[in-house]
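Kindly produce the complete structure, drawing on both the sequences and the hints.
Protein chains: 2
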Amino acid sequence: MHFRCQKRDLVEGISTVQKAILGKSPMAVLEGIYIETGDQEIIMRGSDIDLSIETLVASSIMEEGRIVIDSKLFGDIIRKLPDAMIELATMENNTILISCENSEFNLLYLNAEEFPMLPEIGNREKIAIKEDTFRNLIRSTSFAVAQDESRPILMGVLFEVKNKVLNMVALDGFRLAMRSEYLESNEDVSVVIPGKTLNEVSKILSDKDEDLFISFNDNHILFEIQNTKIVSRLLSGNFIKYESIIPTDYKLQFKVKRAHLAQSIERASLMAKDGSSRLIKLNIENDRALITSNSQFGKVKEEVPVSMDGDAIEIAFNANYLLDTLKVMDEEEIIIEMTSGVSPAIIRNSITDNCKYMVLPVRLAR
Amino acid sequence: MHFRCQKRDLVEGISTVQKAILGKSPMAVLEGIYIETGDQEIIMRGSDIDLSIETLVASSIMEEGRIVIDSKLFGDIIRKLPDAMIELATMENNTILISCENSEFNLLYLNAEEFPMLPEIGNREKIAIKEDTFRNLIRSTSFAVAQDESRPILMGVLFEVKNKVLNMVALDGFRLAMRSEYLESNEDVSVVIPGKTLNEVSKILSDKDEDLFISFNDNHILFEIQNTKIVSRLLSGNFIKYESIIPTDYKLQFKVKRAHLAQSIERASLMAKDGSSRLIKLNIENDRALITSNSQFGKVKEEVPVSMDGDAIEIAFNANYLLDTLKVMDEEEIIIEMTSGVSPAIIRNSITDNCKYMVLPVRLAR
Chain G
1 MHFRCQKRDL VEGISTVQKA ILGKSPMAVL EGIYIETGDQ EIIMRGSDID
51 LSIETLVASS IMEEGRIVID SKLFGDIIRK LPDAMIELAT MENNTILISC
101 ENSEFNLLYL NAEEFPMLPE IGNREKIAIK EDTFRNLIRS TSFAVAQDES
151 RPILMGVLFE VKNKVLNMVA LDGFRLAMRS EYLESNEDVS VVIPGKTLNE
201 VSKILSDKDE DLFISFNDNH ILFEIQNTKI VSRLLSGNFI KYESIIPTDY
251 KLQFKVKRAH LAQSIERASL MAKDGSSRLI KLNIENDRAL ITSNSQFGKV
301 KEEVPVSMDG DAIEIAFNAN YLLDTLKVMD EEEIIIEMTS GVSPAIIRNS
351 ITDNCKYMVL PVRLAR
Chain X
1 MHFRCQKRDL VEGISTVQKA ILGKSPMAVL EGIYIETGDQ EIIMRGSDID
51 LSIETLVASS IMEEGRIVID SKLFGDIIRK LPDAMIELAT MENNTILISC
101 ENSEFNLLYL NAEEFPMLPE IGNREKIAIK EDTFRNLIRS TSFAVAQDES
151 RPILMGVLFE VKNKVLNMVA LDGFRLAMRS EYLESNEDVS VVIPGKTLNE
201 VSKILSDKDE DLFISFNDNH ILFEIQNTKI VSRLLSGNFI KYESIIPTDY
251 KLQFKVKRAH LAQSIERASL MAKDGSSRLI KLNIENDRAL ITSNSQFGKV
301 KEEVPVSMDG DAIEIAFNAN YLLDTLKVMD EEEIIIEMTS GVSPAIIRNS
351 ITDNCKYMVL PVRLAR
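Heads up: the protein sequence lines correspond to chains G and X, in order. Heads up: the first sequence begins at 1 in UniProt numbering, then just goes up one per residue. Heads up: the second sequence begins at 1 in UniProt numbering, then just goes up one per residue.
By construction, these hints were calculated from the structure, which means they are not laboratory data. Treat the hints loosely; a few may be bogus.
One copy or two, either will do: identical chains are not told apart, so a pair holds if it fits within one copy or between any two.
Below 25 angstroms or equal to it, Euclidean Cα-Cα: the simulated DMTMM-like pairs (lysine to aspartate or glutamate) are [to be verified]:
| # | residue 1 | residue 2 |
| --- | --- | --- |
| 1 | Lys327 | Glu92 |
| 2 | Lys229 | Glu333 |
| 3 | Lys80 | Asp324 |
| 4 | Lys130 | Glu224 |
| 5 | Lys301 | Asp324 |
| 6 | Lys126 | Glu303 |
| 7 | Lys72 | Glu266 |
| 8 | Lys251 | Asp311 |
| 9 | Lys301 | Glu92 |
| 10 | Lys80 | Glu331 |
What follows is the structure, given as structure tokens:
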């Protein structure tokens, strides 16, 4: 194998495929980056079996070949080389010579035979969606996936297309996040994508108005983002029937400035450091939300003006759950709906009907 | 106690005095910030006994008093308040009420009686030095103080004034850093300042061309930086006679571009990961420095042009020691002097004679 490419391009390729490489792996080859020569580019690949990322880097190919090279060391070296042309050529004794200006590295490489292929998806229908739109969908939902492995299906985000509407839904037993977008698709779909995959996809997405393409087979999902392919295992099993657990009724509805509420909750939660729950209390009455919290160190009272419709309610929450939600929402004013101090609250945008968040309250000892 | 001040000013004061507060302390009061009302300002103080920092914050005083308040909680709260006027007033049950717009915090405070006073320095002569100059002196030397406590005096930087020249010197048994500045002072001085103190002083110094003032008594040093006073214990004992260990003779002198050499050493050291020593080898001959390193993963060769005068030398170093030095130097071209593969190397600026760095080589097994 022998090729030449620009340092800048190679660094970008390395950074992309490294998102699939976990570091220590029982299979040595998975700690490496797979490199194969193409016509006018090299194909780079990183994989942890569940998630594989493949990308192309423009190169002049002098001799065909393929190798696997230690991801961390290779990445560190290439990043520190001068911003110039880099030449890579395999030598005797399973080494590769990396040359750039006055630098020469000789690294051991691994046999590429054992490196896993990219799972085949087949010629299914492809869903097109704008990169920035999809990134926002991920950001708006993936924070709510379950972190513990007791119910694996909840560690993923539901990707559901019904009648040209894409719903993405995550829930962890304490809160639920759902966001929807119109989609030009003729097929209905319902799959569960691992939260980890979406977080890596999100890092590769640009904030450009360009299309990415999504396709599936029974076990895998393929994202095609410009020069890059990301293939991930899907989670197996049925997602929770989320529609049946979101209440549609309420006894109190109020409108509030999102940033103002978030800042007040954040301050109040400074006081709420007993254990990990960060408990804060809300009293909604007389067109204001009174947020309070007590601990052995003192107490806090925050007042936020709201415009309310319905009965006064006293309710307590884990501050983090509210903050996570308020942070990813995008409208200046939001609407919160409640029924009682022991029923879930619904949070949604005041103008666009494109998201729904549900947060369970904490029952107060009386 | 009752006063009002701007959030912005209070945050600045808190950040300044927190530099002396270590967090957990066997004396609860030292986990707190001391606040005392003055005429048109409050006096804030943080201390870990060895190091105390006092600063003033412009305030309207309504009622005199003094308290100690938990540093971390108080800092977190004030930083998150809106950028507006904050009012603080002591209430019953040893609590203080902090109000700002629609936020109210009630915090427990501690008795201020037990908080240590700032050590008195007395009316000694004060040495004036520009803030940016002193910051640069610290940066150029303090990295070389010893990290282990086996010889406590080496955990400090020598501050020596002789014939209107200030020499600051640090050494740890493997390398030495020395930098000098002209100083308008009539008194000769020789004290050893803890490296930790200088690092905190450095964070408080601005990059402005303003004077700071330094004075001493037998056990303490006082830095006066605008509204802030920093008092630190001095290290007791005699510093090593550094002049006698710096060689003045050499057999090889070469001039080299500092950035080029640093980048090459940094790349070469990527390969040198056996243990913590990061060993690299230098061959200086035929007007070039050949930098090499080997490990189980491969090898590297870097070539840096130099202009040399004297005999060719082969020598090995811990890459980190060279990099630490090259990073803090400021001239584009530097001069390195060597005598043999087992003698210390001297590194200095090529134009200004204001610094001297010494690095011990690593003996190569033959």
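How the hints compare with the structure:
Taking identical chains as interchangeable, the C-alpha atoms of lysine 327 and glutamate 92 are never at most 25 angstroms apart, the minima being 55 angstroms within one chain and 37 angstroms between chains. Within a single copy, lysine 229 and glutamate 333 get their C-alpha atoms no closer than 38 angstroms, and across copies no closer than 47 angstroms, so neither meets the 25 angstroms cut-off. Taking the closest pair of Cα atoms, lysine 80 and aspartate 324 come within 25 angstroms of each other only across two copies (17 angstroms); inside a single copy the shortest separation is 37 angstroms, beyond that limit. In this assembly of identical chains, the alpha carbons of lysine 130 and glutamate 224 lie at most 25 angstroms apart only when taken from the same copy (12 angstroms versus 58 angstroms across copies).
Taking CA atoms no more than 25 angstroms apart as the test, lysine 301 paired with aspartate 324 passes inside one copy only; the shortest distance there is 21 angstroms, against 50 angstroms between copies. In this homomeric assembly, lysine 126 and glutamate 303 never come within 25 angstroms of each other (Cα to Cα): the closest approach is 50 angstroms inside a single copy and 51 angstroms across copies. For a Cα distance limit of 25 angstroms, the shortest separation of lysine 72 from glutamate 266 across copies, 16 angstroms, qualifies, whereas the shortest one inside one copy, 38 angstroms, does not. Taking the shortest Cα distances, lysine 251 and aspartate 311 sit within 25 angstroms of each other inside one copy (6 angstroms), while across copies they are farther apart (90 angstroms).
Taking CA atoms no more than 25 angstroms apart as the test, lysine 301 paired with glutamate 92 passes between copies only; the shortest distance there is 17 angstroms, against 72 angstroms inside one copy. Proximity of lysine 80 and glutamate 331 under a CA criterion of 25 angstroms is satisfied inter-copy only: 22 angstroms between copies versus 42 angstroms inside one chain copy.
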